[in-house]
Amino acid sequence: MDKLAILNARPLPFAKVLGLKFVAASETSVKAEMVVRPELCTRPDILHGGAVMAFADTLGAAATVLNLPEGKGTTTIESKTNFVGPAPVGTTITGETTPIHRGRRTQVWQTRITTAEGKLVAVVTQTQMVL
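Residues in the sequence shown are numbered consecutively from 896, following my numbering.
No lab work stands behind these hints: they were computed from the structure. Every value quoted in this text rests on a predicted model; they were computed, and no experiment measured them. It is possible that some hints are incorrect.
[Said to hold, decoys possible] Listed next, the in silico DSS-like pairs over lysine-lysine satisfying Cα-Cα at most 25 Å (straight line): (1) Lys-911 x Lys-926; (2) Lys-898 x Lys-926; (3) Lys-967 x Lys-926; (4) Lys-967 x Lys-911; (5) Lys-1014 x Lys-926; (6) Lys-926 x Lys-916; (7) Lys-975 x Lys-911; (8) Lys-975 x Lys-916; (9) Lys-975 x Lys-1014; (10) Lys-975 x Lys-926; (11) Lys-1014 x Lys-967.
Could you build the full structure based on these sequences and the hints that come with them?
Shown next as structure tokens:
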């Protein structure tokens, strides 16, 4: 089964709440899209920072899962977000996560989130512990 099919075979409940759609996946990159809906926004109709972080966290966790040995799990142990620009309601954002480190005990991923026009929304670096 290819990596994208693995991620889409058992969608995470919270990813469904976000409306996240995985569009590409490999051991070295996971890419997803999400439409900015009003219920994910703050005022004035801009994507909430927590939604940005949740989107990125889901991508980093998914990328880690694709790199885990059989029988292992993962959890986020650290996350840092640089907010760069807004994502207004109605915007489709794209996140792509790539590895900084893929070790036996931890993995570190960096996710760049952009609008469809290519404007940078945020850069998120997170550390996943291998359980």
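Quick rundown of the hints versus the structure:
1. With a CA separation close to 15 Å, the supplied pair Lys-911 and Lys-926 stays within the 25 Å bound.
2. In summary, the hint linking Lys-898 to Lys-926 is supported, as the alpha carbons are separated by about 11 Å, within the 25 Å threshold.
3. At roughly 22 Å between alpha-carbon atoms, Lys-967 and Lys-926 fall within 25 Å of each other, so this suggested pair holds.
4. A threshold of 25 Å between alpha carbons decides the hint, and for Lys-967 with Lys-911 the separation of about 23 Å falls inside it, so the pair holds.
5. Taking the CA atoms of Lys-1014 and Lys-926, the gap is near 16 Å; set against the 25 Å cutoff, the hint holds.
6. For the suggested pair Lys-926 and Lys-916, the alpha carbons sit about 9 Å apart, so the restraint of at most 25 Å is met.
7. As the CA atoms of Lys-975 and Lys-911 are separated by approximately 23 Å, the hinted pair is consistent with the 25 Å bound.
8. Pair hint Lys-975 plus Lys-916 holds up; C-alpha atoms about 23 Å apart against a cutoff of 25 Å.
9. Distance restraint check for Lys-975 and Lys-1014: the Cα-Cα separation of roughly 20 Å lies within the 25 Å cut-off, and the hinted pair is therefore satisfied.
10. Restraint check: the Cα-Cα separation between Lys-975 and Lys-926 comes to about 19 Å, which is no more than 25 Å; the hinted pair holds.
11. In summary, the hint linking Lys-1014 to Lys-967 is not supported, as the alpha carbons are separated by about 36 Å, beyond the 25 Å threshold.
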